[in-house]
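**Student:** Chain residues, written in single-letter form:
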Amino acid sequence: MPIKVEITVNGAPTSAEVEPRTLLVHYLREYLGLTGTHVGCDTTQCGACVVHADGRSIKSCTALAAQMNGAKITTIEGLAATHPDAEGLHPLQAAFRDCHGLQCGFCTPGMIMSGSALLLENADPTDHEIRDWLEGNICRCTGYHNIVRAVKAAASAMREPKDPRPQETAA
Amino acid sequence: MHAFEYIKPNTVWEAVDLLDADEDARPLAGGMTLLPTLKQRLAQPTQLVDLAGLEDLQIISEGPSSLTIGAMKRHVQVARSPSINAFLPVIAHLAEGIGDPHVRNRGTIGGSISNSDPAADYPAAVLGLGATVITNRREIDGQDFFTGLFSTALEQGEIVMAIRFPLPERAAYIKFPNPASRYAAVGVFVARVKGEARVAVTGAGPCAFRLPQMEEALDRSFAVEAIQDIEISQEGLNADPSATPEYRAHLIGVMARRAVEAAAR
Ligand SMILES: Cc1cc2nc3c(=O)[nH]c(=O)nc-3n(C[C@H](O)[C@H](O)[C@H](O)COP(=O)(O)OP(=O)(O)OC[C@H]3O[C@@H](n4cnc5c(N)ncnc54)[C@H](O)[C@@H]3O)c2cc1C
Ligand code: FES
Ligand code: FES
Chain D
0 MPIKVEITVN
10 GAPTSAEVEP
20 RTLLVHYLRE
30 YLGLTGTHVG
40 CDTTQCGACV
50 VHADGRSIKS
60 CTALAAQMNG
70 AKITTIEGLA
80 ATHPDAEGLH
90 PLQAAFRDCH
100 GLQCGFCTPG
110 MIMSGSALLL
120 ENADPTDHEI
130 RDWLEGNICR
140 CTGYHNIVRA
150 VKAAASAMRE
160 PKDPRPQETA
170 A
Chain R
0 MHAFEYIKPN
10 TVWEAVDLLD
20 ADEDARPLAG
30 GMTLLPTLKQ
40 RLAQPTQLVD
50 LAGLEDLQII
60 SEGPSSLTIG
70 AMKRHVQVAR
80 SPSINAFLPV
90 IAHLAEGIGD
100 PHVRNRGTIG
110 GSISNSDPAA
120 DYPAAVLGLG
130 ATVITNRREI
140 DGQDFFTGLF
150 STALEQGEIV
160 MAIRFPLPER
170 AAYIKFPNPA
180 SRYAAVGVFV
190 ARVKGEARVA
200 VTGAGPCAFR
210 LPQMEEALDR
220 SFAVEAIQDI
230 EISQEGLNAD
240 PSATPEYRAH
250 LIGVMARRAV
260 EAAAR
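Top to bottom, those sequences are chains D and R. Counting from 0, one number per residue, gives the positions in the first sequence under numbering that gives the first Met the number 0. Counting from 0, one number per residue, gives the positions in the second sequence under numbering that gives the first Met the number 0.
In short, the hints are calculated from the structure, not lab data. Any given hint could turn out to be false.
As the list claims (entries may be wrong) - Pairs of lysine to any residue, SDA-like flavour, derived with a Cα cap of 25 Å:
#1 R/Lys-38 with D/Cys-40
#2 R/Lys-7 with D/Arg-55
#3 D/Lys-71 with R/Gln-76
#4 D/Lys-3 with R/Ala-51
#5 R/Lys-38 with D/Thr-34
#6 R/Lys-7 with D/Ala-70
#7 R/Lys-7 with D/His-25
#8 R/Lys-7 with D/Ile-2
#9 D/Lys-3 with R/Gln-76
#10 D/Lys-71 with D/Pro-19
To be verified - Now the in silico label distances, taken between C-beta atoms and shown as ranges:
#11 D/Thr-34 with R/Ser-232: 49 to 55 Å
#12 R/Leu-148 with D/Asp-131: 29 to 35 Å
#13 R/Asp-228 with D/Gln-102: 30 to 36 Å
#14 R/Glu-95 with D/Tyr-143: 58 to 64 Å
#15 D/Glu-16 with R/Pro-63: 32 to 38 Å
#16 D/Asp-123 with R/Leu-148: 50 to 56 Å
#17 R/Gly-147 with D/Glu-159: 20 to 26 Å
#18 R/Gln-227 with D/His-144: 36 to 42 Å
#19 R/Pro-63 with D/Arg-96: 55 to 61 Å
#20 D/Glu-159 with R/Pro-205: 23 to 29 Å
#21 D/Glu-159 with R/Gly-235: 54 to 60 Å
#22 R/His-249 with D/Asp-41: 43 to 49 Å
#23 R/Glu-195 with D/Ser-14: 54 to 60 Å
#24 R/Asn-135 with D/Thr-7: 31 to 37 Å
As the list claims (entries may be wrong) - From the structure, some residues in chain R lie toward chain D, with a derived Cβ separation under 8 Å:
#25 Ala-2
#26 Phe-3
#27 Tyr-5
#28 Met-31
#29 Pro-35
#30 Ala-51
#31 Gly-96
#32 Gly-98
#33 His-101
#34 Val-102
#35 Arg-136
#36 Ile-139
Glycine included, C-beta positions come from ideal geometry on N, C-alpha and C.
The whole structure should be built from the sequences, with the hints applied where relevant.
**Tutor:** Shown next as structure tokens:
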């Protein structure tokens, strides 16, 4: 029996009648057309599907839309608005570009949502802390070195004086 | 995934009623094991009863000689809880070592022990500290809780409400993680609780188990030297691509010595 879910996505209320087995990632991609969140595996291991739920990173391929009823979700499409730089990018998006943190880009939305969740709770992570945090995100082509550099660069950019608009905080 | 109904009750009795009335209904905690299982069509429940709305499963409470953790406490909450860090730091450390941050943000202590995955970390702590599993019906001695590969003493309609851990004089948990999944290839929990040494192993057998031989040696002297020469038998240990039984037997010795060293500090 379909059930109604109401989920705030990137600051906007959304709702739909869904089958209970609908995964959050399918809700985002198929009901809302937000295809930036990727599915890379079927086993909860690759992290391509990471989004923020109430400020914490989760694997959207392993959450039911029904479990997220009432939650606030941020996806890669909405991340920049939580902390925009002069170009309208999130500093971590800008840093991935500047540090060559991607090649094919398939893992990148998950990497950025994961890395930005780390930066929400740790403004100045060490290389070790970044690598440890990215344990649940797999990249098959860039290698992790530049990804770690990008997270460090973004952390340093974000520690600069910030803009006064409201920002996402960890629940 | 096969189709199922989803229900999120607000009280324990509602949840238990739903589970009692339908033997194909399953409790849902963080879904970190259950949803991948359903995606692979390895199970076909009729209903998922989401426990996330049950306040009673969210407690952390300190007693004079124990600490009780609600079944729906997520790994991240356990790892960061000030009272767990103060009174039972070994458990906070164990929770911090589970999987990756996204898994820790969803997975729960209750789901982990109810699942009895042979490679899960919490079962080693339940046996290693001599914890008590509190359900809606009874209290189960941790020793009797894990009955085999993915099986526990839980009955239909019985849910884990909380786990009560006695506070140890010393304790440490060291695991050798599978490099891909971070689950324990072998994990060893050692403790001295109420004057008695306890050693529990996860990852190596069908479910977590104790090592009486090492416990006796540590009762005589809680030091690495006491267990140095103990040979671990490889009989009945798991064989999978990450480790052979022979290697696991070796790792039990190494992890146990490291854990004793850490606990003795
Ligand atoms: C990529 C990945 C890496 C992981 N790495 C580790 C690791 O290193 N170490 C480790 O220990 N674990 C690891 N896990 C498992 C994780 O710790 C979860 O805790 C575990 O999967 C249980 O998940 P859950 O709490 O979300 O429970 P669910 O998946 O929701 O439920 C699991 C089972 O328990 C039952 N259940 C849940 N709650 C209760 C309850 N209160 N009473 C009765 N039955 C209940 C459910 O019906 C189901 O059968 C990993 C998981 C993933 C996906
Ligand atoms: S698609 Fe979610 S972890 Fe791989
Ligand atoms: S950039 Fe290709 S998988 Fe990471």
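**Student:** Compare the structure with each hint and give your call.
**Tutor:** Hints, verified against the model:
1. R/Lys-38 with D/Cys-40: holds, 11 Å
2. R/Lys-7 with D/Arg-55: holds, 21 Å
3. D/Lys-71 with R/Gln-76: holds, 19 Å
4. D/Lys-3 with R/Ala-51: Holds: D/Lys-3 and R/Ala-51 sit about 18 Å apart, inside 25 Å.
5. R/Lys-38 with D/Thr-34: holds, 21 Å
6. R/Lys-7 with D/Ala-70: holds, 15 Å
7. R/Lys-7 with D/His-25: Measuring from Cα to Cα gives roughly 21 Å; hence the hint holds.
8. R/Lys-7 with D/Ile-2: Holds, because 12 Å separates the two Cα atoms, which is no more than 25 Å.
9. D/Lys-3 with R/Gln-76: Cα-Cα ~29 Å, so violated.
10. D/Lys-71 with D/Pro-19: It holds: about 19 Å lies between the C-alpha atoms, which stays within 25 Å.
11. D/Thr-34 with R/Ser-232: 49 to 55 Å: Between D/Thr-34 and R/Ser-232, where Cβ atoms are some 54 Å apart, the hint holds.
12. R/Leu-148 with D/Asp-131: 29 to 35 Å: Taking Cβ atoms as reference, R/Leu-148 and D/Asp-131 lie about 30 Å apart, which means the hint holds.
13. R/Asp-228 with D/Gln-102: 30 to 36 Å: Violated - the Cβ-Cβ distance for R/Asp-228 and D/Gln-102, about 52 Å, lies outside 30 to 36 Å.
14. R/Glu-95 with D/Tyr-143: 58 to 64 Å: Violated - the Cβ-Cβ distance for R/Glu-95 and D/Tyr-143, about 21 Å, lies outside 58 to 64 Å.
15. D/Glu-16 with R/Pro-63: 32 to 38 Å: With a Cβ separation near 52 Å, D/Glu-16 and R/Pro-63 fall outside 32 to 38 Å, so the hint is violated.
16. D/Asp-123 with R/Leu-148: 50 to 56 Å: violated, 44 Å
17. R/Gly-147 with D/Glu-159: 20 to 26 Å: The hinted range 20 to 26 Å is violated for R/Gly-147 and D/Glu-159, with Cβ atoms some 56 Å apart.
18. R/Gln-227 with D/His-144: 36 to 42 Å: holds, 40 Å
19. R/Pro-63 with D/Arg-96: 55 to 61 Å: holds, 57 Å
20. D/Glu-159 with R/Pro-205: 23 to 29 Å: violated, 54 Å
21. D/Glu-159 with R/Gly-235: 54 to 60 Å: Hint holds: Cβ distance 58 Å, inside 54 to 60 Å.
22. R/His-249 with D/Asp-41: 43 to 49 Å: violated, 34 Å
23. R/Glu-195 with D/Ser-14: 54 to 60 Å: Check passed, 56 Å falls within 54 to 60 Å.
24. R/Asn-135 with D/Thr-7: 31 to 37 Å: holds, 33 Å
25. Ala-2: holds, 6 Å
26. Phe-3: holds, 6 Å
27. Tyr-5: holds, 4 Å
28. Met-31: With a closest approach of 6 Å, the R/Met-31 hint holds.
29. Pro-35: Hint on R/Pro-35: holds, closest Cβ of chain D at ~5 Å, below 8 Å.
30. Ala-51: holds, 7 Å
31. Gly-96: Violated - the Cβ of R/Gly-96 stays beyond 8 Å from chain D, reaching only about 10 Å at its closest.
32. Gly-98: holds, 7 Å
33. His-101: Because about 5 Å separates R/His-101 from the closest Cβ in chain D, which is inside the 8 Å limit, the hint holds.
34. Val-102: holds, 6 Å
35. Arg-136: Violated - the Cβ of R/Arg-136 stays beyond 8 Å from chain D, reaching only about 26 Å at its closest.
36. Ile-139: With Cβ-Cβ at 28 Å, over 8 Å, it is violated.
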